[in-house]
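Asker: Construct the complete structure from the given sequences, taking the supplied hints into account.
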Amino acid sequence: MGSRCRRHLSIAPLALLAGCFLAGSATAVVAAQNTIKTNEAYVQEALRAPTLDIRSIDEVFDYVFSSLNDEVTVYPTENYYYFKFVHGGVPYAGNFRLDVADRDQGIVHFAYFSENNPFVEQEVSEHRAYSQQFGVTVEKKGELDYAITAKGRTVLFRLNDLRGVKPSEAQVATGEQYIGPVFDEAGVQMFLMWNPATQTFHYILDESVVSESFFQSSASTQVKIGRRTHFAWYKDRYRERWILIGVRAAETSLNTYFDGPFDQLPDNFIEGDMLRDALLALSPEVEGQIDRFGNSLDLKGRMLVDPYILYSDEEELAAFDQCAAAAVDEASYYPCFAIGQSM
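In mature numbering (1 follows the signal peptide of the UniProt record, and there is no 0), the protein residues as written are -31 to -1, 1 to 312.
Since the hints were derived computationally from the structure, they do not count as laboratory data. For glycine and all other residues, C-beta sits at the position ideal for the given N, C-alpha and C.
Restricting the straight-line Cα-Cα distance to at most 25 Å, the calculated cross-link-like pairs of lysine-lysine (DSS-like) are:
#, residue 1, residue 2
1, K120, K109
2, K193, K135
3, K120, K110
4, K120, K53
5, K204, K135
6, K269, K53
7, K6, K53
8, K193, K204
Restraint-style ranges between C-beta atoms, simulated for each label pair:
#, residue 1, residue 2, range
9, F103, K204, 42 to 52 Å
10, K204, K135, 18 to 28 Å
11, A139, E28, 45 to 55 Å
12, F184, C292, 20 to 30 Å
13, G111, A296, 38 to 48 Å
14, V297, S187, 20 to 30 Å
Answerer: What follows is the structure, given as structure tokens:
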């Protein structure tokens, strides 16, 4: 559920995503009592009379910003702070984003949109890069802390500090490079790996942090599926780890929190040109057209890192068993789990 419309849409063969802006890191996840969400509160929100011009981005910015706590935690690793609200009987979603590309230049991106619906065209979709020009200041307070001030009010945004988070040796295959830690908007933590020899990306489950329980897939004894996210994971034959192989297609179509990690790359933790070099190995034709994060130079698109498939039926996951059974070594085994990868 990220920005620049990276909904598994690619501009052939560049795999650059064009277009729109949508939105949502912090030290440790704070343990808290489970929040109860009642139907009463939902109905009251749906019935509340509209109090702002939903097509005025400045009014919506003020409305959302004034509703935030004095200090907020931005968990997803592409630095989106997501929100939702109902206005005039229509559900909206959006985000503040402290993009690594321009936040130190005093810019915070703000976007909101009517939530995706398979039956009607999206009615509202607005984005603006706010800065001092619009009366909004962004001040760096620490390595991953930013104070945003608007109309005399300041909110401290704490980005997710995952420095030092790394896979164990047992989780790294021969020749693999660790790109960085991924914390997606569904709360699932992963390690993004790149294998230059097989030219494959993999998202590996970080099992040190539990965010959901799993059930064994009916399609394969080697596949488990998250009960909350429906992310599908394959048990690695050679390493003590689980590889992300599938995300529900419907979640991606609707741009939900469960649309997969493709829009939550480890921006704050990528070292040098490691990611860019990997992307160029897959798509050398984009040389000179992307920065070290895989962004297009005008920051309107970004290359996809999506080695998993989008599945609608659990039985589609059986194909991974067939490929793995035919693999005779690691070189032929690991490409089995990157069949969704955009080129």
